[in-house]
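Undergrad: Listed here are the chains, written in short residue letters.
2 protein chains.
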Amino acid sequence: MKNIYAELISIGDEILYGQTLDTNSHFICGELDKIGIRVSRKVTVSDSRDSIMNAFREAEKNADIILITGGLGPTKDDLTKPLLAEYFDSGMKLHEDILEDLKERYAKRGRELNDLNKGQAELPEKCKPVENKFGTAPGMWFEKDNKIFISMPGVPREMQQMMQDSILPKFKEIFDTPVLIHKMIHTVGVPESILAEKLEDWENGLSKEIKLAYLPGLKQVKLRLTASGKDEKHLNALIDQEVDKLYKLVGKYIYGTDEGNLAQKIGDLLLKQNKTIACAESCTGGYLAHLITSNAGSSEYYRGGINPYHNDLKINVLGVRKETIEKYGAVSEQTVIEMAERVRELFNADIGVSTSGVAGPGGGTKDKRVGTVWVALADGTKTQTKLYHFQFDRHGNIEITTNSLLNLVRQTLSSN
Amino acid sequence: MKNIYAELISIGDEILYGQTLDTNSHFICGELDKIGIRVSRKVTVSDSRDSIMNAFREAEKNADIILITGGLGPTKDDLTKPLLAEYFDSGMKLHEDILEDLKERYAKRGRELNDLNKGQAELPEKCKPVENKFGTAPGMWFEKDNKIFISMPGVPREMQQMMQDSILPKFKEIFDTPVLIHKMIHTVGVPESILAEKLEDWENGLSKEIKLAYLPGLKQVKLRLTASGKDEKHLNALIDQEVDKLYKLVGKYIYGTDEGNLAQKIGDLLLKQNKTIACAESCTGGYLAHLITSNAGSSEYYRGGINPYHNDLKINVLGVRKETIEKYGAVSEQTVIEMAERVRELFNADIGVSTSGVAGPGGGTKDKRVGTVWVALADGTKTQTKLYHFQFDRHGNIEITTNSLLNLVRQTLSSN
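Those sequence lines, one after another, are chains S and Z.
Read in the numbering used here, the first sequence has 137 at position 137, and its numbers run on one by one without any break.
Read in the numbering used here, the second sequence has 362 at position 362, and its numbers run on one by one without any break.
It is worth saying that the hints were derived from the structure and are not from the lab.
Mixed in with the good hints, there may be bad ones.
As the list makes no split between identical chains, a pair holds if one copy fits it or if it spans any two.
The list that follows gives simulated cross-link-like pairs (lysine-lysine, BS3-like), each with its CA atoms no further than 25 Å apart [what the hints assert, rightly or not]:
(1) LYS368 / LYS108
(2) LYS61 / LYS222
(3) LYS183 / LYS128
(4) LYS198 / LYS170
(5) LYS198 / LYS222
(6) LYS133 / LYS275
(7) LYS382 / LYS93
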């Protein structure tokens with residue numbers, strides 16, 4: 001058993017121009033981490049021969065596995081395949097089975113292959129093809145002097161399918177990697193430097209098998225404990241022991257120790273308590289519903305939602321009283337209270353939540369500036385509200401409102 | 001005037017473990033691109049001495065500007081500052097003005113500086129500090145042999161403020177960079193290979209000053225034209241000319257040529273035609289509403305939406321007939337027709353749209369497998385429907401359903 005190191009190469013001018021956010025390498029890092037393969041570095045290079053060849057050479061020096069994404073399309077600007085053929089000094093070969101499969105898939109959609117598509121069945125002789133179920137460009141698996149080079153498409157869905165169905169299972173089969181365990185401890189309401197001060201003695205006493213990192217966010221700091229070694233049981237016990245100590249030292253700031261997002265946590269809590277939720281969203285415009293319904297199985301606890309963007313809909317469809325909106329305005333404590341209570345009744349849910357605010361950039365007034373947000377939570381016995389003054393752009397304000405409300409739901413459910 | 005090349009170094013195990021998505025380098029790439037500085041490469045390395053020092057050395061060889069993010073916090077796991085001091089062979093110096101400023105800012109929040117915070121006012125002698133308005137770790141600007149090294153915090157808000165207020169203005173002042181113009185042409189409903197075939201002759205005849213890239217997505221392909229040179233006017237004219245040609249060749253697939261997205265395009269069309277829209281979402285669970293309301297000014301044309309996840313809500317709140325759902329099921333042409341027509345009436349909009357399908361991973365049956373989706377669009381004179389069989393995961397199915405429906409709205413509005 002030895003450490004296996006991977007290096008990631010993303011190819012594409014669109015990433016370096018700032019037009020495309022590279023989520024591929026994020027996904028790959030997470031998946032490799034789960035099976036104990038360490039990513040030592042990731043590099044993004046442009047669609048140019050020299051940059052790509054240079055990246056291949058450097059990566060081969062540093063890592064055991066080189067994972068390449070991008071530049072595999074059927075069009076001229078895609079250079080990865082010819083350059084890999086050159087790098088491995090390999091001729092090209094037409095794979096009849098891949099061609100047949102492509103023909104069949106196109107026929108099903110009532111289309112015929114053109115020359116560009118046909119070219120995708122041609123691969124360097126020295127590689128093994130990796131099946132692409134969602135697209136037309138196969139992946140390529142090369143081996144040379146105990147190094148593995150794998151090329152995958154840049155389209156996230158295609159790359160993910162390839163990783164999950166072909167590449168990760170193969171890695172698990174051939175590598176016997178050390179155990180790598182992460183534990184994330186979520187804290188809220190304490191600045192990083194204060195937390196570090198409180199934890200100084202504890203940190204100095206940490207076992208060498210454990211590495212600590214502070215990951216600061218907006219009003220939140222995550223502590224990450226990483227243990228690596230051979231004995232999973234021993235490492236887990238070690239981590240549990242340190243988490244216990246952390247609870248004793250800074251327990252009042254800790255709101256969770258697991259992975260997964262806040263919407264998932266709330267789903268778990270709702271399921272456990274056999275409760276359902278419904279949302280009335282104004283300023284968040286469907287984002288809260290989207291986060292909840294992004295989780296598989298959410299229909300078990302999510303009843304539904306409404307986003308009555310205009311006041312007449314808040315009144316006529318949701319049932320907020322006209323006088324309330326006239327007297328206090330749509331962005332007010334009174335309005336979010338009625339929104340939460342009405343959506344709870346109308347959608348026949350245990351919990352009703354609501355948002356109303358000025359997301360910006362327009363719509364602000366002297367009294368209610370951009371970033372002013374009210375949220376409410378009604379559970380049938382009482383209705384809680386919160387007022388926020390956020391200072392981000394439209395996207396930021398929508399996101400932090402949603403997270404704040406999800407956190408209110410979490411706190412409420414956790415105190416039951 | 002010569003090309004100026006930048007290399008980006010992100011420091012942090014959290015990125016390589018797949019725990020944090022690196023949005024910082026995406027932001028920096030986009031901002032540098034706007035002022036004509038080319039990012040030749042970006043690299044992410046771990047929180048270890050060797051990786052960081054090695055990245056400094058390599059970047060210095062390749063680029064004129066080296067921008068570093070991360071590893072600047074007050075805690076022990078943050079290595080960037082001591083390593084930069086070592087790299088530039090520099091002693092440390094306490095900046096009294098920074099210390100005073102920190103004290104003041106802490107006092108305003110009713111807190112006192114601790115030793116860790118005080119340490120943040122100590123910087124390598126050889127750097128100029130860069131002000132951090134949103135956090136406590138100053139940035140550092142080093143110069144050596146005509147190379148610029150700048151270190152910034154990893155917290156996105158702090159890094160962005162530093163870039164916008166200090167670093168980009170300084171770059172504009174000292175560099176006279178070539179013009180770099182991008183034009184994005186958004187197409188929808190045509191596969192990449194078909195598009196490439198149709199554009200082959202045009203592509204072969206492109207001027208050398210223009211570079212073409214295909215950026216495929218779900219149901220969408222973006223074409224990016226990049227022109228670089230000295231004469232902005234000439235380059236703009238050249239690009240305009242090619243865009244005209246593209247419209248003649250594949251105009252029916254083009255929905256826009258700007259930086260905006262499909263939801264924005266629909267917003268523009270609705271505004272121009274003085275029309276409004278309302279959404280009844282089942283399987284997309286609020287995502288369609290979220291995409292529409294992510295755009296500033298959407299309240300001008302977006303009336304609101306409802307996501308009646310459960311059938312009783314489709315019936316009791318939205319007003320779909322009970323018999324329809326009982327006879328045909330929730331995922332059926334009949335149901336999406338009634339959903340679209342009812343949300344149009346109930347929300348008093350010109351156009352009502354609806355989605356109902358099996359997003360997965362659960363919920364599929366023999367007749368209605370995961371990925372089966374119906375969408376509808378009602379405009380008061382007729383109601384159109386579309387049936388799809390998608391094959392992605394839950395997120396992919398939700399996203400492509402939304403894109404497909406937005407495209408139906410675009411086509412309908414464009415034919416008016």
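Undergrad: Hint by hint, where does the structure go against what was stated? Just the numbers, ascending.
TA: Hints 2, 3, 4, 6, 7 not satisfied by this model.
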